[in-house]
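Okay, here's what each chain looks like letter by letter:
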Amino acid sequence: MNRNLQQEELLRIATQMNLEFRFPAGIHYERFFRELKETGRIMGVRCPECKRVLVPPRPVCGECFVRTGEWVEVGPEGTVIAYTSIYFPFIDGSTGKPRSIPYGAGLIQLDGSFSAINHILEEGDPGKLHIGMRVKAVLKEEREGNIGDILYFKTIEPEE
Amino acid sequence: MDPKVAIIGVSQTKFEPDKSYEDIPETVFRVVKEAMEDAGIDKNDLGSIVTSSVDLWDGRTASNQMLVDVVGSIMKPESRVAGDGLGAAFQGMMTILAGASEITLIVSQCRGSMGAHYEISNWVFDPIYQQPLGLDYLSAGALQANHYMANYGISQEDCARVVIKNRSDAKNNPYAQVKNETTIEEVMNSPMWAYPIKEMDAAPISDGACAVVLASGPRAEALSNRAVWILGIGSCLDCHYLGHRDLSGGDALITASNRAYSMAGISNPLKELDVAEISAAFSYQELLWTELMGFCDRGEGARILKEGLTCLRGLLPVNPSGGMMAGNPFTVAGLTRLVEAALQVRGEAGDRQVKGAAKALCHGTTGFCGQGQYVMIVGN
Amino acid sequence: MGKRVAIIGTGQTNHCSSREDVNEMELVYEAASAALMDAEMTIQEIDAVVLANMELFEGRALPDMWCGEGAGAFMKHSFKISTGGTSGTSGAISGYYHAASGLFDTVMVVGFEKHSDGNTAAGMALTDPFWDRHIAAAAIGNFALSVSEYMADRGVTKEQSAKVAVKARRNACNNPHAHLQMPHLTVKEVLESPILAYPIHRLEMCPQSDGACAIIFASEKIAQKKCPRPAWVRAAVTRHDHIYLGEVKHRLATMRSLRAAAKSAYGIVGIREPIKEFDVAEIYDPLTYAEIAWYEALGFCRDGEGGRLVDDGITQMDGELPVNPSGGVISTNPVGASGTIRVAEAALQIHGRAGKRQIPDVNLALATGYGVYCWSDVIILSSKPG
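Protein chains in written order, with our numbering: chain R, 1 to 160; chain E, 1 to 380; chain A, 1 to 386.
In silico lysine-lysine, BS3-like type, Cα no more than 25 Å apart, as pairs:
(1) Lys128/R / Lys154/R
(2) Lys4/E / Lys3/A
(3) Lys97/R / Lys37/R
(4) Lys263/A / Lys43/E
(5) Lys128/R / Lys249/A
(6) Lys154/R / Lys249/A
(7) Lys128/R / Lys158/A
(8) Lys140/R / Lys97/R
(9) Lys3/A / Lys263/A
(10) Lys33/E / Lys14/E
(11) Lys43/E / Lys14/E
(12) Lys3/A / Lys226/A
(13) Lys384/A / Lys276/A
(14) Lys249/A / Lys51/R
(15) Lys51/R / Lys33/E
(16) Lys249/A / Lys136/R
(17) Lys355/E / Lys171/E
(18) Lys140/R / Lys37/R
(19) Lys384/A / Lys225/A
(20) Lys51/R / Lys43/E
(21) Lys43/E / Lys249/A
(22) Lys154/R / Lys140/R
(23) Lys356/A / Lys384/A
(24) Lys4/E / Lys221/A
(25) Lys356/A / Lys276/A
(26) Lys225/A / Lys3/A
(27) Lys37/R / Lys136/R
(28) Lys271/E / Lys306/E
(29) Lys179/E / Lys355/E
Listed next, the stretches of chain A that the computed footprint assigns to chain R, with coverage defined by at least 3 CB atoms under 8 Å from CB atoms of chain R:
(30) 184–198
(31) 240–253
Derived by calculation from the structure, the hints in this document are not laboratory data.
By construction, the Cβ of each residue, glycine as well, lies at the ideal position given by its N, Cα and C atoms.
Based on the provided sequences and hints, a complete structural model is requested.
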C-alpha cells in the first residue's frame, strides 16, 4: 500500500471506557466472603465424588461435573507451592491503580484444601522465598467482605 | 448435508430482569444438565462444546472461562463464538459435519442486569466514524426504524401491533419475562426513548441462558425418537457503516434466508413453514425481518400482521413464544429461538404450540440493525 | 474425519509494537489481501470467513462487525471465535471444520489484534472480579508462579531459559514479519534485562504486537487445482482445563490439556516419535520456560530432559527438530493472531514458501496453541492428504 503520510499527520482518536458492572456473587462467593468478614474463617466446599476441598467454593466440581457438598474450614495456615516477586506495576483490576512494587505473590496450599489460592506474600524478596515454606493468612481488622480482607500471607517458618 | 444433524436436547431458563440471586455458573449448570437429560446423555458423551458470550457484556476478559466447570469442558474441546447463540449453533454443526464430534453441546448466557446494555453497545461501533457520535443499539435502531417506516408508510401503530401480539402470546410461555397484555394506546403513550422507538417498542433487557444438544444423524437416531432435524442454514454479514447499507433493505437477511431455504428445499416460506421464531429487538424489526425473509412483499409486514397471518392462529405464526419481547438476554436470543423452534416441531410447546408444526424457522442476529444474520430451518 | 482440507495460502502483516498508519480494519485487510495473493485467488472465491481476536484487550466489543469487511466477510457467512490466547488456533480449527463440513469450499481465517489501540494490561486485569484482580500480576505474574514450580520440578536453569530467548529472537531475523528481531542477542543480555516478575526477565517474555494473519483453507478439489503443494490438515484437537491457577499443580510440568491434545492428534496421524517424524514445529511459546515445558508435554523428549534439548541445540534451525523458525510467540505476539501465525508458519514450511526461515524437505509440521492458563490446541499438517 502506497501511503505518503508524514508521521505528524497521523491521527489517533482517544476514547475512554467507563463502564460499571454489578457481578452476581451467588451463594458460594456470598458465604465465603460473609464468613471471611464476620468470623475470619476461610471456607471451601467438598466435592462428594472426588472428596477434594475446593477454594474458592463454587456450585460445581468441574472435574466430576457434580454439585459440591459440605462446607469445610481451611487454613489459615498453608504451604507455599509457587512464588514470585512482582517488579512491574501492573494495574490492580479491583482498584484501577497499580500496587507498589516490588511485592511478593504466591500460590498457597491452605491446610485442608486441595486448591491453592493465589494471593499476596508479605515477603517480597525472592531470596527469602522458597517452595514448601509455611505461611499464615493475615486478615484486616475492619473487613469488608472481599478478597482484600486477607491482607497477605506472612512467613511463619523460621529462616535458616 | 452429510451426516445429517439433529437437535436432541433443549433447555432454557426463565428470563428475568435480575438473576443476582444465583451466580452465572449456577444458572448455566442447571440449563446444561436439563438439556443433557432431555437428550439422554451425560458428560462423557460430549464430543465438543461451543459457548456463546461477549466479554464486554460479561465485564470480564475471556469470559467463557467462568463456564469451564459447568459446561463439561474439562479435558474436552471447547470453543467460544463471541456473538449470537445461533452463530454458536452453526459452529457446533460444523464440528459434527467435519467429523470431529458426534454430540456437541451449545450454550449461551448473558446477564443484562450486570451492566448498562445500551451503553456497552456503543463499543460495537467503529471508533472512527460512528462510536464518537454516541450511537448505540437503540439510536441506530431508531435510524433504521425511521428509514423503513418512511419508505413504506409504516406507522407507529403498525409497530405497536407487534408488541401487542408478542405480549399476548407470551402469556402462554412459562419462561417469558414480560407477559402482561397491552393496547395500542398504552404502547403509544409509553416514554419515547429514541424516536420513533418507545419504551414498550423495545425488548426488555434480561438475564438468562439456554442450551441445545446437537447430534450427528446416526447418534441422534439411536438416542432419541424426538430428534428435530436441521434442514437448512444460511448466514450473512452486511457492511458495518449504517450509511453504506440500505436500512430498509438488508441484503444480509435476504441472502441468509435464501441460503437456508435453498438448502431446505423451500420456495414459498409463507406456505411451507409452519412457524417462525425470529430475533427482533425492537417492534419495527419484526415487521422488517418478515419482509426480508420473504413471508410477504416488501413493505407488507404490517399488513400481514394486521390481517392475522403472522398471529398465533394465522397461516405462519411469528414468535408464538413472544419472541425477544418476552425476554432478551442479548446473545442468548438466537439460541432461544432455536429452542422454541425445536419445541414446536416436537409438539412440546405447551400452550404456545402451533398445531401440527412440522417445519420451523429460527433466526438470530449479531451487531446493530441486523448486520450479522443467521437463519436455520428445522423440521421432522 | 470429515472431508479432506488443505491450507493453500497464508498472509501476515509485518508485526510491530504499534501500527500507527492503519486502523484495525485496514490491518485485517492487509493480511487477508496477502493471503489471497499467496493463493492466487480473489475474494469472490472465498465462501466463509472466521475471525479470531480478544476484543477486550483493544477496548472493543464485537470487532468482527467493524473489521469483518477487511477480511472480505461482506455478504458471507462469518463470525468470531474468542478463546483467550488460543483464539488464533481455535479460529483456525473452526475454519478447518467449515471447509471439512462440505458446506463451504474455501474458508478464510483471520486472526488479528491491535494492542496499541487499547490497554492490554487493563484488559488482562479483568479476570474473576471476586478472586483474581487484587493480585494485579497479570499473565506474567501467573507465569512466574508456574515457573518457580517448574524449575523446582524439572531443574531447568535460567541459562537454558535464556538460550530459548536467544534462539527465538535470532530466528526472527529470518522472518520479515517478526516483531522482535535481535540478531546479536546473548544469554548474558537476556539475564541482565529487567526482572518483571521473579524469575522472569523482560527478554524472556513475549511482546505485545499489532498484527494480523490470514489462512485460506480449501476443500480437496480446490486445493488440488490451486496449490502446487497444499498443506493438508491431518489432525486438529482442542482440550480445555481448569482456570483456577491454584488447582493446576505443577502446571508447566504437567500441562494436562497439551499432553492429551497431542496424544489424540498423534494417534489420529499415527505418530510415535514426534522428534523424528515431525520436520518442523511451530509451538505457542508465551515465554521461554513454557517452550521447554512444551517440549516435554509434546513428547519431544522425556520429562526432565527439556533443558537438555536446549543445551544440545536439538530445536535450533539446524537441529533434529527445528522449533519456531519464525521466532515464535516470544518474538511476535498479536494475541488474536498468535495462534493463527503458528498454523500459517507450519503451512508455509510445507508450501516451501518460508523464505529464509525455510527448513528443507518439510512433509510433516506441528502447530500448537496455548491460552488462559491451561487451554491447548494441537494441529498437524502434512504434504500428504492421508
